[in-house]
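Chemist: The primary structure of each chain is shown beneath.
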Amino acid sequence: MRIALLSLLFLALSLLAVSQGIAIPLRTPAPEEVLGFLAGMNLPPAFKSALAEAFTSAFATGRATTTVTLLLLQDLTAIPPDKAERGLEIIRYAISQGFIVDTGLSGSSMMNEARKLLALSRTWEEIEYVLSLRLNFLLATRSTLARYGLIQLGKIGPDVPLTPADRLVLEVAWAVGDFVLWEGGDPGDPRILAFVQERLNRLCSVGVLPAEAAKLMAALTPEMLQEIVRLVFQPMERR
Amino acid sequence: MRWDEVDELIRAAVAKEVEEGQKRLSGLEERVIRELARRPVRRSFWEKVREFLSRPTPRWALVGALAALLLGFALGRLTAPSPIPQWNPNLFVIAAPGAKSVAIVGDFSAWQPLPLSDPDGDGIWSAIIPLPPGRYEYAFLVDGKWVGQDPLAHEYLRTFGEYVSVRYVGGEHADRSS
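As given, the protein sequences belong to chains A and B, one line each in that order. Mapping to this note's numbering: the first sequence position 225 is 225, numbers consecutive. Just add 1000 to the spot in the second sequence (first one is 1) and you have this note's numbering.
Among the hints, a few may not be true.
From the structure, some residues in chain B lie toward chain A, with a derived Cβ separation under 10 Å [stated by the list, open to error]:
(1) Val-1006
(2) Val-1018
(3) Gln-1022
(4) Phe-1045
(5) Gly-1106
(6) Asp-1107
(7) Arg-1135
(8) Leu-1141
(9) Val-1142
(10) Gln-1149
(11) Pro-1151
(12) Val-1169
(13) Gly-1171
Please keep in mind that the hints were generated in silico from the structure rather than gathered at the bench. For each residue, glycine too, the CB sits at the ideal point set by N, CA and C.
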């Protein structure tokens, strides 16, 4: 009797949530579902194998989520395979470098941005270009912050457990990237520091960034951020 | 033949008949019961249904409860992410009088449209979206047209010439957006 009552309670709550017009986010597919979908895509087998390996590590360590990954893969079936491969290779390379490529249903990262640009009806060439710049921002931010001693560079790889520094790198790279790509700021613009600090402050206030971010914010200088931008737009050896 | 001799013969014949009859009667009850058990009672479908319904057992009650539990779980599973983080209800609202459909896209939906509703038809479309703390970019789609500037947003970005609203959920921003 108790089981029946509890079951009815769960059922009633589920129906209530749906009937109240609450827009509830998406389901979380199992990694096997995502990898199964990838296996069925029209891509070279060797590339699919490498990508499956990268995604498996990313799902296990929190560098990507199955929800956004599956949606993006589904999007990519609508574009020519060679273009899809180029875009996915950027993401695979980012994972291999230990970067977070997908923050799930909050925040910004490469896969979320790709989905956003698709929603904005941008061409895949534009999206691929933005993804390659975002990757450069990640690489430049990590190397610059490490050079100035603001983060410690340990072992790098897709299977290495995430640390707070990984999220710091992502958010600094994203803020600098947003300033340059979407705010029209140039590398010498002195407003870049205020822009990045305000972004990091807000992320700290909602708990996305840990306390270490405050130390980083205090140590940031316009020169460091300008150096990141300079590195992004100069030819970089990354493959 | 004398009458007494006839009587003797009759008694002997009757005794023989009784003796033979008793042999046949021996085990008759068991045979009848066996025979009855061997012949199934044919019941109609409705009789069987009535019998099933009139005989509730704890086993079937448990099966029913389990089915209800699974249905409730499946409904929740289909519509909610797992694991469920600490959610804050967030009201997203836009004035769009005369619009036929209004949706919202954002990080929280992986940029898939979520419909807004206007139950009283006053042109104010809204949705309550439970979200964990974080930074969310989003925009409205009014009859399919991108509307990226929400007055309730904390900041805006311009992406390829289109505005995108940004809302921070949690912490000191909680009171403004929920």
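Chemist: If a hint holds in the structure, say so; if it does not, say that too.
Modeler: Here is how each hint holds up against the structure:
The restraint placing Val-1006 (chain B) at the interface with chain A is violated, with a minimum CB-CB distance near 81 Å, outside the 10 Å limit. The closest approach between the C-beta of Val-1018 (chain B) and any C-beta of chain A is roughly 63 Å, which is over the 10 Å cut-off, so the hint fails. Among the interface hints, the one on Gln-1022 (chain B) is violated; its C-beta lies about 59 Å from the nearest C-beta in chain A, farther than the 10 Å criterion. About 28 Å separates the beta-carbon of Phe-1045 (chain B) from the nearest beta-carbon of chain A, more than 10 Å, and the hint is not met.
Here the hint on Gly-1106 (chain B) is kept, as its CB sits about 8 Å from the closest CB of chain A, short of 10 Å. Because the beta carbon of Asp-1107 (chain B) sits about 6 Å from the nearest beta carbon in chain A, less than 10 Å, this interface hint is met. Given the 10 Å rule on beta carbons, the hint for Arg-1135 (chain B) holds: about 5 Å separates it from the nearest Cβ of chain A. Below 10 Å, beta-carbon pairs count as interface contacts, and Leu-1141 (chain B) has one with chain A at about 9 Å; its hint therefore holds.
With a cut of 10 Å, the hint placing Val-1142 (chain B) at the interface with chain A is violated, because the nearest CB-to-CB distance is about 14 Å. Contact between Gln-1149 (chain B) and chain A, as hinted, is not supported at the beta carbon level, the nearest pair being about 14 Å apart and thus beyond 10 Å. Hint status for Pro-1151 (chain B) relative to chain A: violated, with the closest Cβ pair at about 18 Å, above 10 Å. Contact between Val-1169 (chain B) and chain A, as hinted, is supported at the beta carbon level, the nearest pair being about 6 Å apart and thus within 10 Å.
For Gly-1171 (chain B), the shortest C-beta to C-beta distance to chain A is roughly 4 Å, which falls under 10 Å, so the interface hint holds.
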